[in-house]
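Student: Listed below, chain by chain, are the residues.
There are 2 protein chains.
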Amino acid sequence: MNTTRDQIIQATRSLVEKQGYHATGMNEILRLSGAPKGSLYYYFPDGKEELAQEAISQTTKEVVGRIRANLALFDDPVEAIQVFVSRIADHIELSQFSSGGPLTAVAMETATSSERLNRACREAFAAIQCAFAEKLAANGYAPESAAQLALFITAAIEGGTLLSRTAHSGDPLRRVAEVLALALRSARP
Amino acid sequence: MNTTRDQIIQATRSLVEKQGYHATGMNEILRLSGAPKGSLYYYFPDGKEELAQEAISQTTKEVVGRIRANLALFDDPVEAIQVFVSRIADHIELSQFSSGGPLTAVAMETATSSERLNRACREAFAAIQCAFAEKLAANGYAPESAAQLALFITAAIEGGTLLSRTAHSGDPLRRVAEVLALALRSARP
Numbered sequence: 001m002n003t004t005r006d007q008i009i010q011a012t013r014s015l016v017e018k019q020g021y022h023a024t025g026m027n028e029i030l031r032l033s034g035a036p037k038g039s040l041y042y043y044f045p046d047g048k049e050e051l052a053q054e055a056i057s058q059t060t061k062e063v064v065g066r067i068r069a070n071l072a073l074f075d076d077p078v079e080a081i082q083v084f085v086s087r088i089a090d091h092i093e094l095s096q097f098s099s100g101g102p103l104t105a106v107a108m109e110t111a112t113s114s115e116r117l118n119r120a121c122r123e124a125f126a127a128i129q130c131a132f133a134e135k136l137a138a139n140g141y142a143p144e145s146a147a148q149l150a151l152f153i154t155a156a157i158e159g160g161t162l163l164s165r166t167a168h169s170g171d172p173l174r175r176v177a178e179v180l181a182l183a184l185r186s187a188r189p
Numbered sequence: 001m002n003t004t005r006d007q008i009i010q011a012t013r014s015l016v017e018k019q020g021y022h023a024t025g026m027n028e029i030l031r032l033s034g035a036p037k038g039s040l041y042y043y044f045p046d047g048k049e050e051l052a053q054e055a056i057s058q059t060t061k062e063v064v065g066r067i068r069a070n071l072a073l074f075d076d077p078v079e080a081i082q083v084f085v086s087r088i089a090d091h092i093e094l095s096q097f098s099s100g101g102p103l104t105a106v107a108m109e110t111a112t113s114s115e116r117l118n119r120a121c122r123e124a125f126a127a128i129q130c131a132f133a134e135k136l137a138a139n140g141y142a143p144e145s146a147a148q149l150a151l152f153i154t155a156a157i158e159g160g161t162l163l164s165r166t167a168h169s170g171d172p173l174r175r176v177a178e179v180l181a182l183a184l185r186s187a188r189p
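Taken in sequence, the protein lines are chains D and P. Sequential numbering of the first sequence, starting at 1, is according to this note's numbering. Sequential numbering of the second sequence, starting at 1, is according to this note's numbering.
Derived by calculation from the structure, the hints in this document are not laboratory data. Treat the hints with caution; some may be incorrect.
[Unchecked claim] Listed next, the stretches of chain D that the computed footprint assigns to chain P, with coverage defined by at least 3 CB atoms under 8 Å from CB atoms of chain P:
| no. | segment |
| --- | --- |
| 1 | 93-99 |
| 2 | 140-154 |
| 3 | 176-188 |
Small disclaimer: the values here were computed from a predicted structure and weren't measured. Backbone N, C-alpha and C fix where the C-beta goes; we use that ideal spot for every residue, glycine too.
So here's chain D without its partners, still in its complex pose (with noise of 0.2 Å):
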């Protein structure tokens, strides 16, 4: 493990999810990381692309690690979804809106002008549901009907974060858990 690394690419990844990614400037990711000024294109020689490209694969892996956790604590899958985007509301309240969907902005910034970053993104959402998807499968939802639930879900969290962000209160998505599960329980194999 190399820290200065890692410290450059949890700095772009807070900053990322916070205001997206052509807000963020190698100098602010270099100030909040605290790295030495050459370090920057010394790790990431390609620049701020590669970097970027490097934060959404690190979040890809710890968002669905933290989905595959938080859906592990309950055997019913729906009960499993409704807690776990509860606590995305409550998580977004104590970042005080700067945090929650850390791909949203950046997927729609690059989605048609970073070959390298949509493709990152892409990635990152289809292995998201793919984590929703095995949990809806193991307990008895066809698969072809697992993957529409799992893109469903997937679709539902993204749009509630995003209201529940820009009406700096957590109550949206919790709103949204609450029919979303309903429908999940409605489509019950």
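With chain D held as given, fit chain P onto it using these hints.
Tutor: Showing chain P alone in chain D's frame:
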């Protein structure tokens, strides 16, 4: 109607929708709008933030108008919403994934960094939810249920649009629309 002013706002809306607020510079807005150099600060003395606020306000009016017009096409609110969402999916594909979810990036980018733009986005999402809630309430859903389902519809569309633009395909949003219709039918009064 002032043509130069409108061209500037139109260019801003298009760029912010495509790449977000921070990536969009005054020079790029000038270039795309074809407006003369001095006109930007003449019409928008407060600069980019004021211009973006006006862009968000116009986008809100247009989006709400489009939702109302589409929901009026069918008596059944669920059918109307499903057809409306599938049109957004077509629109995303026609735009080569540079359009759809005009407020998503800017809302995330400015949630904690611009009071002025945060307020504009908050009002936008409230007005959008209102349009959906009215259609549901006019068709027998209880007011509280209509409001919560309208929030859920907005979140699902926002999230589905994000996934579609990232995946470079309208299909994620189309599949979200299918599950959304099932959810709305199961919540039907």
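Student: Next step is simple, just say for each hint if it's right about the structure.
Tutor: So, going through the hints one by one against the coordinates:
Using a Cβ-Cβ cut-off of 8 Å, 3 residues of the segment 93-99 of chain D lie near chain P, which meets the minimum of three, so the contact claim holds. Interface restraint, the segment 140-154 of chain D with chain P: holds (5 residues with C-beta to C-beta distance below 8 Å; minimum three). Coverage of the segment 176-188 of chain D by chain P holds [criterion: at least 3 residues with CB-CB distance below 8 Å; count 8].
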